[in-house]
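> Put together the whole structure using the sequences plus the hints.
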Amino acid sequence: MDRHVSIRARVISAVVLLTGLALLLSGVLVYLQAQASLQARVTADLTRVADEIALLAGEFDPATGEPFSGPEGLLYAAMQREVHLPSEGSFAVVDGRVRWAAPSTVRFRPEKLPQLVEAVLPQTAEPVVTFGDIVTDQGDVRYVVVPVIFTENGATGAMVHAVDMTTERAALRPIFTTYALVATGSLVLVAMLIALIVGRLLRPMRSMRETVERITETDISQRVPIEGTDDLSALAVTVNGMLDRLETAVTGQRELLDDVGHELRTPLTIVRGHLEIMDATDPEDVASSRALVIDELDRMRRLVDDLLTLAKSEQRDFVMPRPTDVARLTDETLAKATTLGTRHWVLEDLADIEAALDAQRISQAWLQLAANAVRYSAEGSRIGMGSSIDGDELRLWVRDEGVGIAAEEQSRVLERAERGRSGTGTGLGLAIVSSIARAHGGRVLVDSAEGVGTRVTIVVPVVEKEHA
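Positions 4 to 471 (our numbering) are the ones given, in order, by the sequence shown.
These are computed hints drawn from the structure, not numbers from a lab.
Possibly wrong hints are sitting among the right ones.
To be verified - For each label pair, taking beta carbons as the anchor points, the in silico distance ranges come out as:
#1 Pro106 - Ala174: 16 to 26 Å
#2 Ile152 - Arg84: 16 to 26 Å
#3 Arg100 - Glu62: 22 to 32 Å
#4 Thr108 - Ala66: 14 to 24 Å
Nothing here was measured: the structure is a model prediction, and the numbers come from that model.
Just so you know, even glycine gets a beta-carbon here, dropped at the ideal spot from N, CA and C.
Okay, here's the thing in structure tokens:
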């Protein structure tokens, strides 16, 4: 079974691991640098010893006041002058034997290291200064052999100066122990800080997860809190947008099911009732029932078409705005409307502009308003249509001199399955008009008075572009 590892845990682990590797690498580099510096310092000290003996050879013997006559006097004087650090020691070799050693106060005794003595004795007869490293029972030792040769009498000797490298390196141990403790403490501190920071940064994701978990089929109103302006906040905005679309889709589905159940029940009941009581042997009754059934089926077809239009209105591609000549659209829609009924059709105004509209959908909504005006007005009465610009809004309207709409109904006629005036129709016409207007970012305005008439206006935002 796979173990669930949170993003927070993975981020913290990655940061702590990278920080730990960085601290380890830094420690190793510092350690190597310290070792190189130590090696260079010891080599410089050994070189200094060789240089001092060379200078001393050109001076006078303190015991006689004369130039040195042999290696014994020179090496003895050199041993007396040498100041030893705790990790340093030296001895003199004359004619292949250890002749003098450092005072007993000197802690490091290289002459008592058989491996070192055995290694340097052959080198004391060489005419050049020799540097070397050796591992002894006491530890690592770095040394220099400074030969002393008197050509007058052939006497030879050498000064051996050695440094206990194990002791020198041990002096670095407390430094790196402290570094290790500080690095460990820093790593713990980084882990705590990154846990706090990542927790705050990932809070929107946690809120998103909790919000999505709370969403159910009956409650999709939950939204993710938006804090800040970073990428996670942008993700929260995107998730909220997705939830908005989901809620709209689910709500539309419910409304569609409610509308279908509500609107289709009546015609189906009528059809069933007439078929049940129809006298199949009576041609006149059969013809009457047939006409009624066909009429109800036509009404159901119109209802289904309207419901499908409303369902599509919630989709992003419900409208496809294109540059549209509003004046031409107004003339064409008025020409189509005149076929809806014998009325006195009037063009009240004309907006001579080009706007981004879905001409087919706008024409559909406009003709729906015209059809409503015909339905609720007397034959031969005046119906006006027009378009105009009001600020940054385009207004398209239909005005009739019909029965009007009661004041208490005006706020509800744009809702689904609401019928005003005579109560005929599917009750979805104005809802479709409203959905088309909303899809364009606009709205529908109703201005009506009973017995006087009604003006319904589609208002959509538009950037005006005057014709030349």
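> All hints, please: hold or fail.
Hint-by-hint comparison with the structure:
Under the hint 16 to 26 Å, the C-beta atoms of Pro106 and Ala174, about 23 Å apart, fit the expected range. Ile152 and Arg84 have their C-beta atoms about 20 Å apart, which keeps the hinted 16 to 26 Å range intact. For the pair Arg100 and Glu62, the supplied restraint of 22 to 32 Å holds, since their beta-carbon distance comes to about 25 Å. Taking 14 to 24 Å as the suggested C-beta distance range, the pair Thr108 and Ala66 conforms, at roughly 22 Å.
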